[in-house]
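Enquirer: Residues per chain are reported as follows:
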Amino acid sequence: MNAALEFIVEQIRGLWRFRWTAMLVAWVICLVGWLVVLVLPDTYNAWTRVYVDTRTRLSQVTQGIAVESNIASQVEAVREALLGGPQLAKVAKSAFPGYANAPAAQQAAMVDSLRKNLTVDANGERNQPADLYVISYSGHDPQTARRVVDDLLKLFMANAVGGSQQSSEQAEQFLAAQIAEYDKKLASAESALADFKRQNAGLVPGATGGDYFTRLHAETDELNKDQTALTVAEQKRNELTRQLSSEEPVMGGAGGGGATDTAGMVREAQARLDDLLLRYTEKHPDVIAARRTLEDLRKRQAAEIAAIRRGDRAAIAATGLAANPVYQGIRMQLSQADVEVAADRRQVADRQARIEELRKMINTAPEVEAEYSRLNRDYAVTQGQYHALVERLNRARLSDKADETGVVRFEVVDPPTGSDRPVAPDRVRLILTVLLAGMGVGLGVAYVMHQLRPVFTSTRQLSELTQLPVLGAVSMTWLERHKAEARRAIWAYSSAMAVLLLLAVLALTVQGPAARLLHGVAA
Amino acid sequence: MSVIENAIKRLQASREGAEMRERAAPVNTAAARRLEAPAPTGRVLTFDLDALRAGGLLPPAHQERELAQQYRQIKRPLINNALGRGVDALPEGNLVMIASAVPGEGKTFTALNLALSMRLEEDVTVLLVDGDVVNPRLSQILGADDARGLLDVLKDPSMPPASAVLSTDIPGLTFLPAGHQEPNATELLASARMHEVVAQLAGQDPTRLVLFDSAPLLLTTESQALTEIAGQILLVVRADQTPQHAVLEAVETLSESKSVSLVLNQSMKQPHARYYYRYDGGKADDKDSDA
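Chain order of the listed sequences is A and B.
For the first sequence, my numbering begins at 1 and goes up steadily by one.
For the second sequence, my numbering begins at 1001 and goes up steadily by one.
Hints listed in this document are in silico derivations from the structure and should not be mistaken for laboratory results.
As the structure is a prediction and not an experimental result, all values here were calculated from the model.
Okay, the calculated bits of chain B under chain A, using three or more residues with CB under 8 angstroms as the criterion:
1. 1048-1060
2. 1063-1072
3. 1227-1241
4. 1247-1255
5. 1260-1267
If we take Cβ atoms under 10 angstroms as the criterion, some of the chain B residues that face chain A in the derived model are:
6. 1075
7. 1076
8. 1077
9. 1078
10. 1106
11. 1109
12. 1110
13. 1113
14. 1244
Using N, Cα and C, we set each Cβ at its ideal position, and we do this for glycine too.
Chain A on its own, in the form it takes in the complex:
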C-alpha cells in the first residue's frame, strides 16, 4: 500500500476512533451556538440616498464676481461633520428617548454606537461632478433606525445646502443692517456738513480755496499784483495824455502830412497836365480839359480844408480830408487806459476790503477750517464704508443667485426607508455555519485526541516505534455479537448524527418565531 495513502487511512481511522468525542463536541457547539443565534437581537436597516450635483455651470460666468466655494471639500466636510460629535448628539437626542436623562458616559456610549452603526458613503469618484451619498444606519429597532436616518438626512441637507445658504442669508442680513445704519450715518454726516457750511459760509474753503493763510497770502499777492497793474495803467494814461496834447488832430495842406484823396488827385491832375503840355499846345482839348479838372480839384481842396478848420467832421469826411491817424490812435488808447485804471482801482479796493475782512477773522478761521475738514473726513469715511457695503451686498446676492441656479444642487434620490424585516442576523446562514463549525471543531478535537493518544494501526508502525520484532498481525475477528454491536454502534452514531441534522432543520424552520419568542421572554 502506498505510504501516503496509508497515512491518510491511518488518520481517518484515528478520527473514527474518537467519533463519539467529535459527535459530543459537535452537539455541544451546535446547541449552544443555535441558542446564541436565536438569542441574537434583530438588526434593522434604514437608509437614504442623496444626489449631490456639483456641476459648476455658472463658475465661468461668476468667476471673479462670486466667491466660489470648493464643493467637493465642502461635501466632504459635511460628511465629516455629520459623523462628528455635535451632529450625532442631536440625532441621538431625537432618536433615543432616554438620551436626555442619561449620564454623560452613557450619552457618549450612545453617540459612539450611533457612529459605529452609521455609514455615510459617497459613491462615485472624488473628482466626478456628481456624487451619490448613501446614509444608512442599522439598529435593533426599525423605527429608531428610520428616525436616525431621517434626522441625519435633514442635518445633511441643512449642512450642505442650508449651510452655505443660511450663512449667506445671515451675511446678507448683516450687510443690509449695516447698510441701513451707514445710510443714517451718511445722511446725518451730510446734513451736519451742510449746516456747517451754511453757518460758516465764507469761512469754509471753497472747492478751489485752500486754508485761511493760503487764502490771505494769495489775496495779498493778488493785491500787490493789482496795485502794480494800477500803477502801470496810470503811467500809461499820463503818457498818452501828454502825447495827445502835442499832436494835431488833422493833417494840414497839400504838402503837409499824409496825402489825402483830394490832394493826391490834385497832384495827379497837375502831373497829367504837365505831361500833356509837353506833347500838346495850350489849345489842345486835352490840355484844356486837364486844366479845368485841376482847377476843380483845387477848389474842392480849399473847401475841404476850410471845413476841417471849422471842425466839421462830417464835412471833413465829405470832403475826404483825412484826420490825423496818430491822434486818433492815441485818443483810443487813452480812453482804454482810463478804463483800465478805473478797473484796477476797483479791484485793488476790493482786495483791500477782502484782506481786511480776512485779517479780522484771523482767530476764528483756522478753527472753522479744522471743524470743516473733520466733518468732511467723517462724511468721506462713512460714504466709503457705505459704498463698500452696498457692493458687498450686491456680490453676496449675486453669489447666492449663482448657488441657486445650480452650482450645488441636492436631490433626495431615495427618501429615508427602513425595512420592517430585520436585515441581520441572517439566522439561516448562522445556523448552518454553527452546524458546520460544530462538525469541523468536532473533527478537529477528534484529530487532536488522535494525535495526543496515538494507537498502532499497522505492524510497520509498531516495529518502528518499539524497535522490536513484530511477528505479525492477527485480523479482527467478527463474532456475531461483535457484528451486532458494531451495527448498533453504527446505528447509534448515525442516529446521533441524524438527530443533530434534524435539530438543525428544526432550528432553521422555527428560527423566526423561536427568536421572537426568546426575545419576548427576555423582554
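Based on these hints, arrange chain B on the given structure of chain A.
Expert: Frame of chain A, contents of chain B only:
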C-alpha cells in the same frame, strides 16, 4: 489512576467471583466430574470449540483459515527461537509468555490460538499455562477454574507440578489452570518454587513449549514476576485501541535481556487475508504443510 482503580476493582470482583464459584461448585459437579474422571494424571479437558467460538476465544468459522495462516506466521519465529532452528536457541526459549500492556488486548485469545497452532507441529508438545492468576479467564472458559492449578502447585511444595496439568482432547496440548486464588500470588510467582515448577513442567526438553497466558503488565505485579521465568515474551498489541505510550511503557518494564516480540491483534488491515480469500481451497492447506 482510574486504570489502577479499575484493576483493583476487577481483582476484588474476581476474588469474590472465585469464592462464589467455590460455593456454587456442587451445582457444577457434573461437569467437574466429567472433566476429572478419565484422567490418569488428572482430568482430560474437552475443548468445546463451538462454545469457545461463541465466547470469542476462537475465530469464527469464516475467518478460521485466515487466522490460522496468521498464527502460523507468528509461531514460526517463536518455535525457531525455542528449538534453535536456523538461529541460536534462546535460553529457556521454550517458555513463552503472552503479555500485554493493558487488559482487553487479546492475550488469552492469542495464547489459545497460538497453542492450538503450535501443537500442530510434528515434534513439539504444548503446555498452555493460565498465568493470569488475577483473572483466570482461560481456566474459566475451559471449565477448569475450580481445578487445582499453578497457584496450588506453587503453594504446596509437596505437590508435583505434573499432577495439576490437565490433558485435553486435543493431541499435543495440555493445560495448567491458574488454580485457586491466593492473596500472595505475586510472591508465589516470583518464588524459587516457581522456577522449580517451571523446570519440572518443561523438563529439559526444548520441544515442550510452555505458553503462559498472563495479566496486563502495567496493571499487575504478577505478570512482572512471570517475565522473569519466560525465555521469550510475546507482547500483544490491540490495533487501533492500545495507546502507543502504554505499549512503550510496557516494553520499558521488560528486561532487555529477554527476547521480546510483538503481535498486532485485531488488525483491520488484512492484506494477506484477501490473498487467501482469493485463492481459496487447497492452497492454504499446502501452505500449512509447508509450514
